[in-house]
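If you read the protein sequences in the order shown, they are chains X and B.
Counting in our numbering, the first sequence runs from 708 upward without gaps.
Counting in our numbering, the second sequence runs from 61 upward without gaps.
Simulated from the structure, these hints should not be mistaken for laboratory data.
Keep in mind it's a predicted model, so treat the numbers as computed, not measured.
Even glycine gets a Cβ: it sits at the ideal position worked out from N, Cα and C.
Careful: at least some of the hints might be erroneous.
Claimed, not checked - Restricting the straight-line Cα-Cα distance to at most 30 Å, the calculated cross-link-like pairs of lysine-lysine (DSBU-like) are:
hint	chain 1	residue 1	chain 2	residue 2
1	X	K859	X	K839
2	B	K70	B	K80
3	B	K306	B	K68
4	B	K284	B	K306
5	B	K161	X	K812
6	X	K812	B	K306
7	X	K920	B	K70
8	B	K80	X	K812
Stated by the list, open to error - What the simulated footprint calls covered on chain B by chain X, stretch by stretch (three residues with Cβ under 8 Å from a Cβ of chain X suffice, anywhere in the stretch; the number is not a length):
hint	stretch
9	121 to 135
10	140 to 149
11	159 to 170
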Amino acid sequence: MAGEFAQQKKPIRWHIAVFLAPAVLVYTAVMIIPLFGTLQLSLFNAENQQRFFVGLDNFRKLFGDPRWSASFWNALWNNTWFFIIHMLVQNPIGIGLAALLSSPKLRFSAFYRTAIFIPTILSFVIVGFAWKLILSPLWGVAPNLLDLVGLKSLFTPWLGKEEYALTTLGLISVWQFVGIPMMLIYAALLSIPDEVIEAAEMDGITGMAQFWKIKLPLILPSIGIISILTFVGNFNAFDLIYSAQGALAGPNYSTDILGTFLYRTFFGFQLQTGDPYMGSAIASMMFLIILTGVCIYLFTIQTRLRRYQF
Amino acid sequence: MGSLTIDKVKKSFGRVDVLKGIDLAVNDGEFVVFVGPSGCGKSTLLRIIAGLEDSTSGRVLIDGADVTVTPPANRGIAMVFQTYALYPHLTVRSNMSLGLKQIGTPAAEIDRRVTAASTMLSLEPYLERRPAELSGGQRQRVAIGRAVVREPKLFLFDEPLSNLDAALRVNTRLEIAQLHRRLKATMIYVTHDQVEAMTLADKIVVLNAGRIEQVGAPMDLYNKPANEFVAGFIGSPRMNFIDAAKLGEGQAKTIGVRPEHLTVDTGSGAWKGTVVHAEHLGADTNLYVETEKAGLLTVRIFGVYGAEAGSTLYVTPDPQRTYRFDADGKALA
Chain X
708 MAGEFAQQKK
718 PIRWHIAVFL
728 APAVLVYTAV
738 MIIPLFGTLQ
748 LSLFNAENQQ
758 RFFVGLDNFR
768 KLFGDPRWSA
778 SFWNALWNNT
788 WFFIIHMLVQ
798 NPIGIGLAAL
808 LSSPKLRFSA
818 FYRTAIFIPT
828 ILSFVIVGFA
838 WKLILSPLWG
848 VAPNLLDLVG
858 LKSLFTPWLG
868 KEEYALTTLG
878 LISVWQFVGI
888 PMMLIYAALL
898 SIPDEVIEAA
908 EMDGITGMAQ
918 FWKIKLPLIL
928 PSIGIISILT
938 FVGNFNAFDL
948 IYSAQGALAG
958 PNYSTDILGT
968 FLYRTFFGFQ
978 LQTGDPYMGS
988 AIASMMFLII
998 LTGVCIYLFT
1008 IQTRLRRYQF
Chain B
61 MGSLTIDKVK
71 KSFGRVDVLK
81 GIDLAVNDGE
91 FVVFVGPSGC
101 GKSTLLRIIA
111 GLEDSTSGRV
121 LIDGADVTVT
131 PPANRGIAMV
141 FQTYALYPHL
151 TVRSNMSLGL
161 KQIGTPAAEI
171 DRRVTAASTM
181 LSLEPYLERR
191 PAELSGGQRQ
201 RVAIGRAVVR
211 EPKLFLFDEP
221 LSNLDAALRV
231 NTRLEIAQLH
241 RRLKATMIYV
251 THDQVEAMTL
261 ADKIVVLNAG
271 RIEQVGAPMD
281 LYNKPANEFV
291 AGFIGSPRMN
301 FIDAAKLGEG
311 QAKTIGVRPE
321 HLTVDTGSGA
331 WKGTVVHAEH
341 LGADTNLYVE
351 TEKAGLLTVR
361 IFGVYGAEAG
371 STLYVTPDPQ
381 RTYRFDADGK
391 ALA
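Just need the whole structure built from these sequences, with the hints factored in.
What follows is the structure, given as structure tokens:
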């Protein structure tokens, strides 16, 4: 009797394919095909509107030619610094804000939460332009505000100095996006059961000790997710630099990151003519860098983080 | 080293009065069980004793010292939660020792206490495991162990058995009873299960709607319930309540008689009735009998009794063991 069911052929479950199809088709059309198109394009070059296969020549040029490679390593280092600023400033502040917000004694916490999150939903054009105006030495409010507290001597045209411009832009980006780590950590903190916290209270683990010994270990998985989101976001960044400093990422390329470097190369800017093949090579490198970073995270860090069931 | 006095404690959440003035004295070494239906305020009262909740008014005294505004950790108490509330990222050993480390107890002393507690609760094989690798019963033992190592003046248990399955519940109940005997510590235990209350308690506090209905030893509550609520709450199956008017009783409003104090006979008896349903449990048999005079009655017969639905029986109460209640539900002498 039991064999009868086993022998029956399983019907093909068409509905799975049917339900998956829309997502797969859309994703393929807008993500997978362009990705492979870019990778393919990076292996070609053109002369007299004639496209021909050059193998890895574009990459040889990118790393071998002194001017190309100087630009590339400059952009990569700037990008890394941009990422470091976010990891050291944005994420700790986000965690700190979330810890404050989740404190039951805090009044108006819903207001603070919204207020801190609002810059995230603003357009990067508005953010870039607004901060450019604020920090302008000619008509900005920053010099006057510093004057009010007697610190005018500290003012410098931060966006106009090579040594400060990238850090300044990094901090503007932190200001804009700090709401995201805050929200994710806030959600993770809320998911810790009240009783675990109460048990800690009974054990005498209160205040900062409670945060370090109980809450922080329990939100580590969320911090891991935030780190990788920050990494991917930063290495794909473009918009803030473009809107604040333009495609030349001045002064003197000091704020040039991979995104702006790619944009100039691919589409051309001012006297530089666009080169889609070199642009694709840069885009492929960005893809590889991000892929490597995500893989390192997934295979080394993610596997060691435990998710706790309460 | 562990007496507790609760003095006129009231608690309101907004306009809702959850506790309407509780006075209670618990002696050193007593096992006191708060029992009552859900929403009666028993957990709130426990949390006020623990310091996790502030009372609206009134005082809590431990060993004569007013601790009403003392933070939980400084009250010398330990609490075991219904959901265990273990620290999921720490091993069993760290779970037990974290509180001691926090107050700077020497490592040798921590080690001694953890070893003693884990031996007592047979947790030695699991000391290096994390809570996720333990069963529900083991987790609850770790939670109890975490309370034991603090050597508190007062143990608080908030429905510690509710998340365990029936077989484990009986075992863990036994362990808690043994723990009390061994430590001779004062314990306060909250439950909605009157069987747990009856089996564990030296003293039961029956709460209902934010008030104490009766305080007493389990057998006092069983034999001399102060009112209809306690009579109905203590004892399983529930006491039968019969409208006194139907039986022609003058003074009382309601007559109560426990299922085990009713006898049945096929030939003659006080109230004739029909068996509606019979539950055969082996050790005893519960019959639901619809009587002409007294309405639906539950009868508990010890041992096996062969009665089927539809058969006719005569039910007779034990005249020594009926209870009479007035219109307010108070027991009449």
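Violated hints, by number in ascending order, as checked against the structure: 3, 6 and 7
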